[in-house]
Amino acid sequence: MNRAAFLASQAYAALLRLYPPSFRHEFGDELQIVFAAAVADATAQGRLAFAMTCGRELRDLAPALVREYAAHWFRKDVTMQTLTAKSHGNPVLWGALGLGLAMGLKYVATTWLSWSTRGGVLSPLLTATLTLLLYALTGALAGLSLGWATGKARALAPAGALGFVLALGVSRGTYTALAAWAPTADWIILLAAVFISALCGAVFGAVLGGIGWGRERLGWAALAGGVTFGIGELSGRLLQSWIFVRFGQQTPWSTGLAFTLFGVMSGALAGAALGWALRPRRVAIS
Amino acid sequence: MISDIQTLLPLTEATFFVLLSLAPAPRHGYAIMKDVQGLSAGRIVLSTGTLYGILKRLLEQGWIERLESDQPDETGRPRKEYQLTALGRQILTAELDRLQTLVTAAQQRMAGVEA
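Those protein sequence lines, which keep their order, are chains A and B.
The opening residue of the first sequence carries number 1204 in the working numbering; numbering runs sequentially from there.
The opening residue of the second sequence carries number 544 in the working numbering; numbering runs sequentially from there.
A hint or two may mislead.
[Stated by the list, open to error] Each pair of labels, with its calculated beta carbon distance range: (1) S1225(A) / A566(B): 27 to 33 Å; (2) L1210(A) / E608(B): 32 to 38 Å; (3) G655(B) / G1231(A): 41 to 47 Å.
Because the hints were derived from the structure by calculation, they are not lab data.
For each residue, glycine too, the CB sits at the ideal point set by N, CA and C.
With the rest of the complex left out, here is chain B (with noise of 0.2 Å):
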């Protein structure tokens, strides 16, 4: 299961924000937008239709799933949110773990460098 994980790796970054967005709770598209942003530092300013292909595709690969909040929306019908599946939430992890092996390797040789 984890080399299948593996060869979905590398995340793009938009998709690896998205999903990092859903990570402590579900959200709803608007919610997922602003939230990429501050998790960006503003570097990263999703379309709606870039945005929406991204829920999309993740929907269609089983990483996240759609469910009806309680809330209604502006037209009167439940709100729809978005939260992380086991494996979209293994993805995450995985794709951290990357992140986080590769930071350690940059770190230790530029502290080499730098000594």
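Only chain A is shown next, with the shape it has when bound in the complex (with noise of 0.2 Å):
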């Protein structure tokens, strides 16, 4: 066995921890065998042929850990079809799970973010990018659980993320500049926090329903999201207004803690009613 044989056969070792543990324990050895008499015969053709082997197997190593950990943790047959087009459960439960938890983690990401800039350790530039970017995974997660739900993971997935993006950019860099811009009065700054989450939210709704069902779902889910993102932000900002004249100027940590905490149940809230609205429906067969 040559050095780049014997180096790929080491890696590939290291990469089969990956593995769930039964699946590893059952299949462990004869999978480093056959790599191993893969490679070697590879290795004999030519460079090329070794790359080909090596590339085969990292291209296919990711939907093979998510097959065999799918297959591991729900104890069935799992393909990528039967993960991507079947419905599993309750739209509303997992709407609210996946949306709560994408806020959370949105907010803690943010909350750092905002640490990151203010000690001038990111430029505006990549901070930019990477809210962009956290708000396209926020979207996603959320699209995901709903897909998951609703068997409509591959439509919902990205509309998530794009709707995410297109609702969140555009009416947050509206507000900025509205902020900047307006009168100061707290009554005007809160409604128009409210009213521009609202719209953020129907814009976020009317992707994934418009994505997923067309026209057909396209008004209950930006109804839906509307309703719940305004509550959302108005509620947000009450929570805002309160910690303040309560306990004063409070630690980035405890602050960043409520608002975390908040936004997982605002989250819920808002991916309930959008997994309500995005709900499968019997068809009525006269």
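Both chains come to you apart, so use the hints to assemble them.
Shown next, in the form of structure tokens:
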């Protein structure tokens, strides 16, 4: 075995640790033997064959891991097709869980970004890029959880990412510009923030519903997103005022924690409403 | 029984070729991989993860079973081989019948078009 083949076998043995323990214990030895034989054959055929063998293993690693972990956790035969094309539960619960978790993560990451920017660690351009990526990730996670429950994961995960970037990117930018320009009366700022958040939720819901089901679900999903995001923003602003009045200037940690918890709760409300709007409907057959 | 088997069809292409590879005799993992590549004229080249994912599911479903060969593998332990069970052979036969029906229907229709 030459050096490249030896290194490839070592790397392969390390990558095998990523598989679920049950799969690794049952097939780990055989996998290593088969890979070593494939590499030995490929090495004899030249560098291109060797590279293609290693590339094929890397390419198939992620789908194989998803498949085996799904089978491991859910104790049933799962393929990528069944993972993304079947309904797997109550969309209200999955929506609440997915969007609640996504919003919580978003608040944690936003707080970190805000501190990094304040300390001059990150440039404004990098911060904006990371923020948009964060929005895309949040939306994708929310879309994936709703899609998992409704059998539309392939459509709703990218739709969620697109919807959230559109909604939060455009709306937050508008809000920042408005806050800098408009009279700074608190109630005007509050109304503007609630209105913009409602708009942002409506766009998010409309993109999810529109891409997943076309015009049939666009209206209800937009309404669910708009109302719940508006309620969330209003509650958040009131919570912020209450924290400042009750406790004065708090540490970034305690304020960040309070808003993360709030994000989880308001996200869960929005996710539940979107899950209700996007739930699979029974079709009456006469 | 036949109607039960029909609910398991159609097979994915990779599963079909793995079962077909085991039809004449038991084989070990690497032999299956090479045979599938040959049977599909190089179109399907299975990675180790994909191959053993398929073998795991076929074992769980009872379509194949594992044997320990007399010949040791590279680690000195008995080499593991896989063979079709009676159920696996029935399913493979049913899939071949299904494909044959499709091909016959298509050939008849195309013959009508060409005539």
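Just tell me: holds or violated, for the beta carbon distance of G655(B) and G1231(A) against 41 to 47 Å? Cβ of G655(B) to Cβ of G1231(A): about 55 Å, so the range 41 to 47 Å is violated.
Falls inside 32 to 38 Å, the C-beta gap from L1210(A) to E608(B)? Since the Cβ atoms of L1210(A) and E608(B) sit about 36 Å apart, the hinted range of 32 to 38 Å holds.
Just to be sure I understand the hint, the distance between the Cβ atoms of S1225(A) and A566(B) should be within 27 to 33 Å; is that true here? With Cβ atoms ~29 Å apart, the hint holds.
Figure legend: structure checked against the earlier numbered hints; the only hint not met is number 3.
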